[in-house]
Amino acid sequence: MLKLKSVVAIVDDDKRLLESLEDLLESAGHVVRTFASAQALLDSDAVPKIDCLITDIGMPGVDGFELQRVMRQRRPGLPVIMITGRHEIAEPPQAKHDWFFRKPFDGRALLAAIGAALTGKEDRP
Amino acid sequence: MMRIWAHRPPLLHLGLFIAAYVLGCGFAQLLAIVPGTGISIWPPSGLFIATLVLASRSSWPWWVLGGCLSELFSNFLWFHSPLPAAFLIYVGNALEAVAGAWLVNRTCKRPVRLETLQEVLAFVVLAAGIAPIVSATVGSATLAWFGIQSQSFVTAWPLWWIGDATGVLIVAPLALVVFQNWRGKAQFSTARWMEACVLGLIFLGVAALSMSGYLPFAYIIMPPLLWAAVRFEFKGAAVTLILLALITAIFTVTGAGQFAGDPESQKHKQIMLQLFLAISAFSALIVAAISRQHHLAVLTLRQSERSLRELVEALQHSEQQLSQFVNMVPVYLWRLTPEGEPNFFNKRLTDFFGLDIADADRPDKSRLAAIIGTVAHPDDATSLGDALNRCVVTGESFSMKYRLRRADGMYRWMEGSAEPMRDHGGRIVQWYGVSIDIDDRLHAEEALRNRERELSLLVDMVPSHLWRVTPEGELTLVNKRMADFLGLDSGNKRQLETVFDTIFHPDEAEAVWQVLRRCLRTGETFSMNYRLRRADGVYRWMSGRADPLRDESGRIVQWFGLCHDIDDRVHAEEALRRASDRLAQATQAASLAELSASIAHEVNQPLAAIVANSHACHRWLSAQPPNIERAKITAERITRDANSAADVVGRIRALFSHTSHARSPDDVNRLIGEVCRLMADEIAAKDIRIQRDLEQDLPSVALDRVQVQQVFVNLIRNGIEAMDSVEDDPRVLQICSCRDGRDAIRVEVRDTGTGFRDPNRVFEPFFTTKQNGMGMGLAICRSIIESHGGRLWTTNNETRGATVAFRLPLAPSEAS
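Chains W and H are the protein sequences, given in the same order.
Okay, so the first sequence: first residue is 1 according to UniProt numbering, each after it adds one.
Okay, so the second sequence: first residue is 1 according to UniProt numbering, each after it adds one.
Don't read these hints as lab results, they were simulated from the structure.
In this text, a Cβ means the ideal position worked out from N, Cα and C, and glycines have one as well.
Where hints are given, some of them may not hold.
To be verified - When the alpha-carbon atoms are kept at most 27 Å apart in a straight line, the in silico DSSO-like pairs for lysine-lysine are as follows:
1. H:Lys347 / H:Lys365
2. W:Lys15 / W:Lys49
3. W:Lys15 / H:Lys632
4. W:Lys5 / H:Lys632
Claimed, not checked - With beta-carbon atoms standing in for the labels, derived distance ranges:
5. W:Ala116 / H:Ala600: 27 to 35 Å
6. H:Ala509 / W:Asp106: 49 to 57 Å
7. W:Pro60 / H:Ala509: 23 to 31 Å
8. H:Ala579 / W:Asp106: 39 to 47 Å
As the list claims (entries may be wrong) - Some chain H residues well away from chain W (every beta-carbon gap over 10 Å; in silico):
9. His7
10. Phe146
11. Arg348
12. Arg422
13. Gly473
14. Ala509
15. His615
16. Asp666
17. Arg692
18. Arg705
Generate the whole structure from the sequences, applying the supplied hints.
In structure tokens, the structure reads:
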């Protein structure tokens, strides 16, 4: 463990998802920052502090893929876990299977993926 | 030998020759009146020489043989000499004839006619003078050797020689005349014959008179003899000579006349006689030759005179023609002296000026300056004068355009040029000049240039892009507007040739070329839309069209093309189409796949939240110690999200529910029109004709616009897709609307496609015959129509395709 509490940012335009994920991650002992849009995250002071990012893909304004691209430049190496409710969206080829989830997803699998991302067991994309 | 045999003379000629020879011998025998000599005038020598002179040399042996036979025969008849002596004498005679003929032929050109003095002299000297020396020598030696008549060589020789010479002089001319005129016709006129007769009489008279016994009297025969020689030339001389010889011989033989005498003086008389005949013959022949020569000279003169006259006539004729030519040729001709002074104008030019060459002369200046001052345009006069003077000085050719005044005062443009004619020494003799009236041509050219300028202006000003290509597809012209658009220099040919390679948008370049090449090949009109690159690199849509220009024979000469900028229109249309697409999408409430995806998304959102919350709740409760507070909050959220999911399902059900709160009265025909407009592109792309058969004034129906539109879109799309495989028959989609009973209307969509294989199953959800469909379309349509209180059904058409029909009830107020 690099530090006791990892900071995980969650971006989703659905308030219900945001609340439930915050609850889940907090129950696993993570510090959670929630944002209702990608732009809200990019505008906040959280960008340099977070250790992992979970983002929805289909969002108005900046979408999940775009956010991932921006973060790759501003925070190289930052693990990004993508979730989507739209099943017609294909899994991006560069994404690891474990870092891409379709709603509804299994909470344990998500927590396991976050744990793996934070310990750096997985190769960074 | 063969050659001699081949050249044998005709037997008749040889026979006549032999006969004449024998007669000659007889005549000689007759005249041999001098006692003790046996020698006299020897006519055979003349005959022999004349024969050989005219005969070909190869035939000589024959004549020699004939002569030999004749002489031996005559010897047998009259002379009675011993045979060897006779033979030797003949050898002498033959040698004489051969030598004489050879010499004459050698000196005079063949055939020998004795027509010139030269020939007569040669004949007299060679044939009558030298040749007899041979025979006289051989003959006298033979006589002396054999002692015939006890002659000595010295006494016999002169007699022998003069006898042969006389024979040659008298007989040879006659023989020549006879041989040469053997087949000739008498060409004498009646007057000539009369003259010949008169002359003959006079001659006979004078001859008789001359034989009066006194020797010098004999020579009074000379005038008639010479008269005959002068008037009848050689023939006259020959005939009179032989006559003279005969008369003289007759007189002498009969003992009359001055040449007959006693035996002592007979020898001397004989010589006198022979001398008389020889002199007469010589004189007559000479005079005849001179006369002949004179005559020929006169003839030649006359002929020369005649040809000279013809020449002069021809010359006059050609001069006249030249003058006609110079005046008729449709250009203005003039001539200058080497100093540059005009000395000739052709008639056309004097007519043009209305004045002759000397009319403009002024005492104070040169003729050239005076003429230029009079007829040249004032603006051209100086330069014309300078140019002509310069050419005259340097000898260069003159060429210039200038205006000349016509007689009526009009100035006309001329193109003048002049060249110097030089003699052998290179000195200029004359200047020849020509002026060609180019006034009409210049005006026509200027008019043409003006028209061309106007046309070019028009082409450049026309608010479109104009271009021209060869039948081979090479760009040869673009108007200014197009050149500006492409950023070309329109005058640069090389740039034009290559510009086609770069101006088309890469996406269409190949297609444009294909179409263009096909049109060039077949002559079809080229018509196409494509993008062209503007000078700034921006591609703009163009609508291009080109037609061929053909000549009389129908061959394509050029292609003229026009293209105009439709970029703004294309973009506007594109925007319109996109807008209409969006509208169509909105109106269709998305396709079924999209609908299901969006339902899934709507449902998945709360489900995902529920699942995550459940896990969180579980974790809060499983924690040590359990966090009840958080678990409660989480559980509450689960309830909330589950309700939210139920709402979603409720809303979806409401979409197809029987509720009619969103319905409003609407005109079905108008709805059909809107849907057709929305789908116009789709319909056009599939090459389908929509046939609308709508009943007018249908009552309006209470309906949910969006849903019913969705029904129409689905039915039309189904129909279009059903006709996808129809290739040859027309693809027609028929839409009918009509009143159905008192309280309903009916709508039918009829296609000419493949039809339903199983019309009853098509409404089952997920039943589809299409590869890219979920099989929900007709099920939803039926659901929508039934939610409106109507009914939807399908049937296969009797001929081809299928019909989907539905019935919608009227609002109670509308039913009647």
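Run through the hints listed earlier and report the numbers of any the structure violates, in increasing order.
7 and 15
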